[in-house]
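*Asks:* Protein sequence lines correspond, in order, to chains U and E.
As numbered in our numbering, residues 40 to 149 make up the first sequence, in order.
As numbered in our numbering, residues 8 to 122 make up the second sequence, in order.
If you are wondering where the hints come from, they were derived from the structure by calculation, not from laboratory data.
Quick caveat: nothing in here was measured; it's all calculated off a predicted structure.
Just so you know, not all the hints are guaranteed correct.
[Said to hold, decoys possible] The following label-pair restraints were derived from C-beta to C-beta distances:
hint : chain 1 : residue 1 : chain 2 : residue 2 : range
1    : U       : 148       : E       : 17        : 41 to 49 Å
2    : U       : 55        : E       : 51        : 29 to 37 Å
3    : U       : 55        : E       : 58        : 28 to 36 Å
4    : E       : 87        : U       : 54        : 48 to 56 Å
5    : E       : 51        : U       : 68        : 38 to 46 Å
6    : E       : 120       : U       : 118       : 30 to 38 Å
7    : U       : 91        : E       : 21        : 48 to 56 Å
8    : U       : 116       : E       : 118       : 27 to 35 Å
9    : E       : 73        : U       : 116       : 43 to 51 Å
10   : E       : 73        : U       : 52        : 44 to 52 Å
11   : E       : 104       : U       : 94        : 19 to 27 Å
12   : U       : 92        : E       : 104       : 19 to 27 Å
13   : E       : 58        : U       : 122       : 34 to 42 Å
14   : E       : 51        : U       : 149       : 46 to 54 Å
Where a beta carbon is used, it is the ideal one built from N, C-alpha and C, also for glycine.
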Amino acid sequence: LAKTTQPISMDSYEGQEVNITCSHNNIATNDYITWYQQFPSQGPRFIIQGYKTKVTNEVASLFIPADRKSSTLSLPRVSLSDTAVYYCLVVGGNFNKFYFGSGTKLNVKP
Amino acid sequence: NAGVMQNPRHLVRRRGQEARLRCSPMKGHSHVYWYRQLPEEGLKFMVYLQKENIIDESGMPKERFSAEFPKEGPSILRIQQVVRGDSAAYFCASSSDGLGNQPQHFGDGTRLSIL
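The shape of chain E in the complex, shown without the other chains (with noise of 0.2 Å):
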């Protein structure tokens, strides 16, 4: 079975720019979760999702950050007008359902780069 994946790996863009962050859920998985890690830091929490709903976006910056996760394809974590504290690697996890209890399965990330 195919894991969490998450395209591209690595993504530059420049001051200003927008940045598309994709993640598909492993198979039969309906809830997506979005982490933000800094280098030597643990991860972050930014926002949950279940099919086409935002559960939880209390850790997602309000403004510039935006997340979906349409009833059809990934799910998409979108950066506009990227500034240089936006560097980091981004997580994406999935689970069977949105219990604390089960795992979440993550994805090996995508590693935003700012110029």
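Same shape as in the complex, but just chain U (with noise of 0.2 Å):
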């Protein structure tokens, strides 16, 4: 398994682009990295998935550099909705164990 490691939190303004980096040194030939969102009381809903450079979809983008150490979220003009925790994990193509670390909690102020 490759454990991830990401910011405990961030604060950011409604308006602003934020950015979520994630690193993943272990990461492995075959491993995927997908970011999921949570609010509170609430299962992780998927955003986005990536396996090298870049990744984009209504809601976010995915940007992996060529070494695939580290990953990075970004989320384009961000409102209050936003304010959630943010899972980055790494997932083997035939690997089905998903692990999840502590996440990002990311508050969005007005």
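Hints in hand, dock the two standalone chains.
*Replies:* Encoded structure:
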């Protein structure tokens, strides 16, 4: 299991871009990087997944450098409703045991 | 499409009783995962099932805990003779196949409280 390290918490203001970086030094060749969002009293919600370079969808972008030992989740123009815990996971191609660390608690202020 | 459905949302049991948590996966999904979450912590993997088979139960305590996913009906996580330390949120997730690069879709959990 490739463990991940991410900041415990971050503060931001509405309208700003937020970048959350995750370290995963022991990532294996077959591993993917996946991000989930969790609100209080709800289950985690899939945000984005990538293997290398850059992936973008309607809610976020994921930047992965060539060595893949880290990744950055970018949330453009956050709003108050983006206040949540964000989890970075490294998951293997044949490996379905997702390891959730403590996540990053993002607090968006008005 | 209905997402992953878990019930009950809240369950209160006294020490020594049994708790049964149910999970209906998303339509078309045959892979189910159970996780446990304590306050202010991340989710901890418990067990992975694929219709009628337990694939990986390495995260589930060997005593008092069991899980099943029958051919018909929801997946059940069963905790016998509950103790205070079993109080937690239990989440179920499902996926279309068992590969790690397939997103798991989560339900909103069952919050178990032990009196």
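*Asks:* Look at each hint and say if it fits the structure.
*Replies:* Right, here's what the structure says about each hint:
no., hint, in the structure
1, U:148 / E:17: 41 to 49 Å, "violated (31 Å)"
2, U:55 / E:51: 29 to 37 Å, "holds (33 Å)"
3, U:55 / E:58: 28 to 36 Å, "violated (46 Å)"
4, E:87 / U:54: 48 to 56 Å, "holds (51 Å)"
5, E:51 / U:68: 38 to 46 Å, "violated (26 Å)"
6, E:120 / U:118: 30 to 38 Å, "holds (33 Å)"
7, U:91 / E:21: 48 to 56 Å, "holds (52 Å)"
8, U:116 / E:118: 27 to 35 Å, "holds (33 Å)"
9, E:73 / U:116: 43 to 51 Å, "holds (47 Å)"
10, E:73 / U:52: 44 to 52 Å, "holds (48 Å)"
11, E:104 / U:94: 19 to 27 Å, "holds (20 Å)"
12, U:92 / E:104: 19 to 27 Å, "holds (25 Å)"
13, E:58 / U:122: 34 to 42 Å, "holds (38 Å)"
14, E:51 / U:149: 46 to 54 Å, "violated (34 Å)"
Taken one by one, the earlier hints fail for this structure at numbers 1, 3, 5, 14, listed in ascending order.
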